[in-house]
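Here the numbering used here is used: the first residue of the sequence shown is 220, the next is one more, and so on.
In short, the hints are calculated from the structure, not lab data. Note that this is a predicted model, so its numbers are computed, not measured. Positions of the beta carbon are idealized from the N, C-alpha and C atoms, including for glycine. Errors might be hidden in some of the hints.
[As the list claims (entries may be wrong)] Here are the computed lysine to any residue pairs in the SDA-like style, where the Cα-Cα straight-line distance is at most 20 Å:
(1) Lys-286 x Arg-315
(2) Lys-270 x Val-320
(3) Lys-270 x Val-224
(4) Lys-286 x Ala-263
(5) Lys-270 x Asp-250
(6) Lys-286 x Pro-272
(7) Lys-286 x Arg-319
(8) Lys-286 x Val-224
(9) Lys-286 x Ala-314
(10) Lys-270 x Gln-289
(11) Lys-286 x Ala-310
(12) Lys-270 x Val-323
(13) Lys-270 x Lys-286
(14) Lys-270 x Gly-291
(15) Lys-270 x Gly-317
(16) Lys-286 x Gly-268
(17) Lys-286 x Glu-309
(18) Lys-286 x Ala-312
(19) Lys-270 x Asp-322
(20) Lys-286 x Gly-321
(21) Lys-270 x Met-295
(22) Lys-270 x Ala-310
(23) Lys-286 x Gly-311
(24) Lys-270 x Ala-288
(25) Lys-286 x Asp-322
(26) Lys-286 x Ala-231
(27) Lys-286 x Arg-259
(28) Lys-286 x Ala-297
(29) Lys-286 x Gly-296
(30) Lys-270 x Glu-234
(31) Lys-270 x Glu-253
(32) Lys-286 x Asp-250
[Said to hold, decoys possible] Distance ranges between label pairs, derived from CB positions:
(33) Val-323 x Ala-237: 31 to 39 Å
(34) Asp-329 x Arg-294: 20 to 28 Å
(35) Gly-282 x Arg-315: 15 to 23 Å
(36) Glu-325 x Lys-286: 12 to 20 Å
(37) Lys-270 x Glu-325: 13 to 21 Å
(38) Gly-317 x Arg-239: 12 to 20 Å
(39) Gly-226 x Ile-267: 29 to 37 Å
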Amino acid sequence: MAWLVSGAHVLASAEIAATRAQRRRGLLGRDHLEGALVLRPCRAVHTIGMKFPIDVAYLDGDGVVLKTAQMGRHRMGAPVRRSRVVIEAEAGAFARWGLRVGDVIEVREDQPGS
Numbered sequence: 220m221a222w223l224v225s226g227a228h229v230l231a232s233a234e235i236a237a238t239r240a241q242r243r244r245g246l247l248g249r250d251h252l253e254g255a256l257v258l259r260p261c262r263a264v265h266t267i268g269m270k271f272p273i274d275v276a277y278l279d280g281d282g283v284v285l286k287t288a289q290m291g292r293h294r295m296g297a298p299v300r301r302s303r304v305v306i307e308a309e310a311g312a313f314a315r316w317g318l319r320v321g322d323v324i325e326v327r328e329d330q331p332g333s
């Protein structure tokens with residue numbers, strides 16, 4: 220299990236898609252997502268064939284949020300320059316988490332408080 224952490228706050232649990240096959244599959248075939256999906260490396264995503272809209276955050280190599288977007292179903296996202304990591308969550312999650320451009324997100328692959 221991994222966690223998305225910003226400062227001292229745990230935002231959500233996360234799944235990591237690190238292999239090409241995991242990134243290609245992404246959220247296809249799912250009806251919902253608990254927490255978030257982290258795609259790395261990644262500069263662009265699409266929602267073609269997805270069953271629900273998503274929030275997307277593009278992070279640089281230091282974990283700084285470069286851009287956020289809400290993508291409806293069956294859309295193509297443009298590549299984001301300097302993006303190294305993409306975080307996907309169900310639409311509305313970023314507003315609940317208070318996630319904004321400029322925030323620094325750490326992906327911890329251990330307990331959230333450690």
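Verification of the hints:
1. At roughly 17 Å between alpha-carbon atoms, Lys-286 and Arg-315 fall within 20 Å of each other, so this suggested pair holds.
2. Taking the CA atoms of Lys-270 and Val-320, the gap is near 26 Å; set against the 20 Å cutoff, the hint is violated.
3. With a C-alpha separation of about 27 Å, the suggested pairing of Lys-270 with Val-224 is violated against the 20 Å cut-off.
4. A hinted pair counts as satisfied when its Cα atoms are at most 20 Å apart, and Lys-286 with Ala-263 qualifies at roughly 11 Å.
5. For the proposed pair Lys-270 and Asp-250, the alpha carbon gap of about 6 Å is at most 20 Å, so the pair holds.
6. Using a Cα cut-off of 20 Å, the hinted pair Lys-286 and Pro-272 holds, with the two alpha carbons roughly 17 Å apart.
7. Note on Lys-286 and Arg-319: the hinted pairing holds, with a Cα-Cα distance of about 8 Å set against a maximum of 20 Å.
8. For the hint linking Lys-286 to Val-224, the alpha-carbon distance of about 17 Å falls within 20 Å, and the restraint holds.
9. Distance restraint check for Lys-286 and Ala-314: the Cα-Cα separation of roughly 14 Å lies within the 20 Å cut-off, and the hinted pair is therefore satisfied.
10. For the proposed pair Lys-270 and Gln-289, the alpha carbon gap of about 14 Å is at most 20 Å, so the pair holds.
11. Restraint check: the Cα-Cα separation between Lys-286 and Ala-310 comes to about 15 Å, which is no more than 20 Å; the hinted pair holds.
12. The suggested pairing of Lys-270 with Val-323 is violated, with an alpha-carbon distance near 29 Å, which exceeds 20 Å.
13. Between the alpha carbons of Lys-270 and Lys-286 the distance comes to roughly 23 Å, so the proposed pair goes past 20 Å and is violated.
14. At most 20 Å may separate the alpha-carbon atoms for a hinted pair to count; Lys-270 and Gly-291 meet this at roughly 9 Å.
15. At roughly 24 Å between alpha-carbon atoms, Lys-270 and Gly-317 are farther apart than 20 Å, so this suggested pair is violated.
16. Simply put, Lys-286 and Gly-268 have alpha-carbon atoms about 23 Å apart, too far for the 20 Å limit, and the pair is violated.
17. Taken as a hint, the Lys-286 and Glu-309 pair is honoured in the structure, with Cα atoms around 16 Å apart against an allowance of 20 Å.
18. Of the supplied pair hints, the one linking Lys-286 and Ala-312 holds, its CA atoms being roughly 15 Å apart against a limit of 20 Å.
19. Distance restraint check for Lys-270 and Asp-322: the Cα-Cα separation of roughly 28 Å exceeds the 20 Å cut-off, and the hinted pair is therefore not satisfied.
20. Restraint check: the Cα-Cα separation between Lys-286 and Gly-321 comes to about 8 Å, which is no more than 20 Å; the hinted pair holds.
21. With a C-alpha separation of about 15 Å, the suggested pairing of Lys-270 with Met-295 holds against the 20 Å cut-off.
22. A distance of roughly 12 Å separates the Cα atoms of Lys-270 and Ala-310; the hinted pair therefore holds under the 20 Å criterion.
23. Using a Cα cut-off of 20 Å, the hinted pair Lys-286 and Gly-311 holds, with the two alpha carbons roughly 15 Å apart.
24. With a C-alpha separation of about 17 Å, the suggested pair Lys-270 and Ala-288 falls inside the 20 Å cut-off, and the hint holds.
25. Under the criterion of a C-alpha separation no larger than 20 Å, the hint pairing Lys-286 with Asp-322 is consistent with the structure, at around 10 Å.
26. With a CA separation close to 19 Å, the supplied pair Lys-286 and Ala-231 stays within the 20 Å bound.
27. At most 20 Å may separate the alpha-carbon atoms for a hinted pair to count; Lys-286 and Arg-259 meet this at roughly 16 Å.
28. Taken as a hint, the Lys-286 and Ala-297 pair is honoured in the structure, with Cα atoms around 11 Å apart against an allowance of 20 Å.
29. This hinted pair checks out: Lys-286 and Gly-296 have alpha carbons roughly 12 Å apart, not beyond 20 Å.
30. Taking the CA atoms of Lys-270 and Glu-234, the gap is near 18 Å; set against the 20 Å cutoff, the hint holds.
31. Pair hint Lys-270 plus Glu-253 holds up; C-alpha atoms about 14 Å apart against a cutoff of 20 Å.
32. Between Lys-286 and Asp-250, the direct Cα distance comes to roughly 25 Å. Violation of the 20 Å bound is thereby established for this hinted pair.
33. Roughly 20 Å separates the CB atoms of Val-323 and Ala-237, a value that falls outside the hinted 31 to 39 Å.
34. At about 34 Å, the beta-carbon gap between Asp-329 and Arg-294 misses the expected band of 20 to 28 Å.
35. As the Cβ distance of Gly-282 to Arg-315 is approximately 20 Å, the hint placing it in 15 to 23 Å holds.
36. Our hint of 12 to 20 Å for Glu-325 and Lys-286 holds, since their Cβ atoms are close to 18 Å apart.
37. The hinted window of 13 to 21 Å between Lys-270 and Glu-325 is violated, with their beta carbons roughly 29 Å apart.
38. About 32 Å separates the C-beta atoms of Gly-317 and Arg-239, a value inconsistent with the hinted range of 12 to 20 Å.
39. Here the CB-CB span from Gly-226 to Ile-267 is close to 35 Å, well matched to the stated 29 to 37 Å.
Checked against the numbered hints above, the structure breaks hints 2, 3, 12, 13, 15, 16, 19, 32, 33, 34, 37 and 38 and satisfies the rest.
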